[in-house]
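Each chain, written out:
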Amino acid sequence: MLEYQVKASYLYNFARFITWPEDVVARQGNFNLCIVGAERFGSALDALAGERVNGQTIALHRLEQAGQARANRCHLLFIASGRDGTATGGPERGLLTIGETPGFLERGGIINLVEVNGRIRFEIRQPAARQAGLVVSSQLLGLAIQR
Amino acid sequence: MSPLVQGFRNLPLRWKTIVSMLGVTTISLMLVGAGQLVRERQGFERQMEQRLTLLADVIGLNSTAALAFNDAAAATEVLGALASDEHIMAGALYDTRDLLFARYVRSDIEAPLLDTAPNVGRPTFGGGMAAITRTVKYRGQPVGKVHLLADTTEWSNTLWDYAAVAAVLFVVVLTIGLFVSIWLQRLITGPIIDLAQLARRIGQERDFSRRAVKRSDDEMGVLVDGFNDMLDEIGKGRAEIEHGRDELRKLNEQLERRVVERTAQLEAANKELEAFSYSVSHDLRAPLRSIDGFSRVLLDEHSATLNADGRDSLERVRRAAQRMGMLIDDLLKLARVTRVEPNREEVDLSMLGREIAVALQNQDPDRRAQIVVAPGLRAHADARLLRIALENLLGNAWKFTGQRKEARIELGMTTNSAPVYFVRDNGAGFDMAYANKLFAPFQRLHSVEEFPGTGIGLATVQRIISKHGGRIWAESAVDKGTAFFFTLP
Amino acid sequence: MAQKVILLVEDNPDDAELTRRALKSNNISNQVVVARDGVEALDYVFGTGKHVGRDPLETPAITLLDLKLPKLDGLEVLRRIRADERTKFMPIVILTSSKEDQDLINGYRLGCNSYVRKPVDFDEFLVAAKQLGLYWLLLNEPPPM
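Line order of the protein sequences matches chains P, Z and D.
Residue numbering for the first sequence follows the numbering used here, starting at 1 and increasing by one per position.
Residue numbering for the second sequence follows the numbering used here, starting at 1001 and increasing by one per position.
Residue numbering for the third sequence follows the numbering used here, starting at 2001 and increasing by one per position.
In isolation and in its complexed conformation, chain P is listed as follows (with noise of 0.2 angstroms):
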């Protein structure tokens, strides 16, 4: 469970250390979260709901596979380990994919969280955050996992 705590606060994280582009900011007044397996998180992802990011209001989204997330218009998409299957295959604009899956990268994903010596850390692929019209924040960028 702990572990679904730091990886709750970290897709908030993301959420705030990540520009959406302009446009997609302003199609729709709420953050759409949206994650694939939430039954993980438990408890931990109900303290997100409602917190404000970059100005909007987080809304939570549970998916049963990563293609409902288009119809629920997603800003960000986690896809819990086992359920990547569900992947898009390639970044699309304005959705930020974020996965717990070895080679989620390489299957078309941004973030990947990895578990380093204990603790839980993140790969990002910046080519593809650059697709999808995401800007990351050097820092972010300085935190990741170098390749």
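Be aware that one or more of the hints could be misleading.
What the hints assert, rightly or not - Sample of chain Z residues at the chain D side, in silico, Cβ under 8 angstroms:
{"#": "1", "residue": "H1282"}
{"#": "2", "residue": "R1285"}
{"#": "3", "residue": "A1286"}
{"#": "4", "residue": "L1288"}
{"#": "5", "residue": "R1289"}
{"#": "6", "residue": "D1292"}
{"#": "7", "residue": "G1293"}
Unchecked claim - For the chain Z half of the interface with chain P, some residues (derived, Cβ under 7 angstroms), not all of them:
{"#": "8", "residue": "A1065"}
{"#": "9", "residue": "A1068"}
{"#": "10", "residue": "F1069"}
{"#": "11", "residue": "D1071"}
{"#": "12", "residue": "A1074"}
If you're looking for bench data, these hints aren't it; they were derived computationally from the structure.
The structure presented is a predicted model; accordingly, all values stated were derived computationally and were not measured.
All C-beta atoms, glycine included, are put in the ideal place defined by N, C-alpha and C.
Knowing the structure of chain P, use the given hints to seat chains Z and D on it.
Leaving out everything else, chains Z and D in the frame of chain P:
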């Protein structure tokens, strides 16, 4: 404080000036120096604050992601950048729960870093250190706190150096000030001191011909002019006083001379009067005795050859001679009273009155008269003169009640503010219209046939009373009796 | 015993005459010796001058002495008489016109036995003369010689 002020007050003017100038210089230098130090310190603190704030904010900004993603290693790396500033002794990052998250301490020291975040605010200075704590925010939201410690000893040393330089400058300026003030003092107080010495010397030697020398046209010059004017006035005043004193002395001498002359004249006049009285006493009476005596001899031994007319004429001659004898006696008495100064003592007026009453009664044993003398009458007067006065007054009363069947004569006293003595009778009385003639010598209000007398008695009484400083007056009416009142103060 | 004389020292002949008459009219029969001035009075008293040979011890029964006298005045005469052992007790009555204080005082101080003022009224004078004679010539015991 008070003895200090008193001491300053009694200081010579010269020292007062020097002390004042040096005092003012010292105070201004100290104020300027202190102000400069405060300004310097404030300047440094402001600079330090800017620097530390900037640095803290930069560190904070660079640590936001590390704080957000709980990456202590990354945070420590960021803090490591502080090593480039030798003045920063330590730095620390605290997470949102105020727990120590990452730290940096300069290798050569042991910095006192706390495990929980200190209060956020402006930098604090003390113990040779400056400390600041600021909140780290990311996009307006706090992600932790940054704390920095800076070494300020170098700066304190600078301040001390500055103070040392100021102290040296202070001494130098003060020394110069001393010389300047001594020089200025001579310029300013020199004339005043000269004037004071002159005033003291004039006071001691009483030489008002000295003058102060005018050396400038400022207030001092005015003072010197005023002083000299005052000396002129004093000189004039003294001359006038001397002159006045001479005049006074001359007048006094004149007066004394005149008094001596007058006294001598008076004495001479008195002597003459005495000689005159003496001569009158002896010589004027002798022929009268002859006239009266030989008239008597004629009447006794040659009555046979005289007819009634002749005898009557001789009786008239005798009466005239006797009356003249009486006049001479009374005149002598008046003259004696005039000459004599009263020799005052306590006199028992009642006793005196009774004695005179007895004498009167004895002279005229056939007369029925009541003489009432009030008891306890006393006066401070010349006994002999008073006896003469009472003899006259009571004698008059006796005489003017001669035609009364029930004669009553009273000697008494009334008192209002001072004692007033009186002699009252129920005799013939007189018309008050002539009261003003009463006390003049030889003035008579009755004919000699009616009442004998010389007209000198009351004049004598008045002289006696006025010799005592007293007053005498009468109240009377024809046939209603007379009262004489007199005072003896 | 032969009657003693009365010495009258008086320069005024009228007064001398009136005194003599007054004494006489009072039946005083003593011889009256008149001295016209002070010197003459002393000559008589001390047996000198015109009275050489008179015994000074034969003092007059009474001396009536006027004060105002030619040459020597009465007070001086009195002083000299009193200064002499032989005559210092002889009775002297000052008989004078004056009643001035100074005369009275000086007279008594120099030792007169009596002071009588000559009154202008001759009647009074007669009374005075009578009393004088009565007293000094009959009543008074003269001092022993």
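Against the structure, the hints come out as follows:
A least Cβ separation of about 5 angstroms between H1282 of chain Z and chain D falls short of the 8 angstroms threshold, and the interface hint therefore holds. A distance limit of 8 angstroms between C-beta atoms decides the matter here; for R1285 of chain Z the minimum to chain D is near 4 angstroms, and the interface restraint holds. With a cut of 8 angstroms, the hint placing A1286 of chain Z at the interface with chain D holds, because the nearest CB-to-CB distance is about 5 angstroms. Proximity of L1288 of chain Z to chain D holds as hinted, the smallest CB-CB distance being about 5 angstroms (cut-off 8 angstroms).
At its closest, the beta carbon of R1289 of chain Z sits 5 angstroms from a beta carbon of chain D; the interface hint therefore holds under the 8 angstroms criterion. Annotation: interface hint on D1292 of chain Z holds; nearest CB of chain D at approximately 5 angstroms, less than 8 angstroms. Because the closest C-beta pair between G1293 of chain Z and chain D is about 4 angstroms apart, less than 8 angstroms, the hint holds. A hinted interface residue such as A1065 of chain Z counts as satisfied when its beta carbon comes closer than 7 angstroms to some beta carbon of chain P; here the least separation is about 4 angstroms, so the hint holds.
For A1068 of chain Z, the shortest C-beta to C-beta distance to chain P is roughly 4 angstroms, which falls under 7 angstroms, so the interface hint holds. With a cut of 7 angstroms, the hint placing F1069 of chain Z at the interface with chain P holds, because the nearest CB-to-CB distance is about 5 angstroms. About 5 angstroms separates the beta-carbon of D1071 of chain Z from the nearest beta-carbon of chain P, less than 7 angstroms, and the hint is met. Evaluation of the A1074 of chain Z hint against chain P yields a held restraint, the C-beta minimum of about 5 angstroms falling below 7 angstroms.
The structure is consistent with each of the numbered hints, conforming to all of them.
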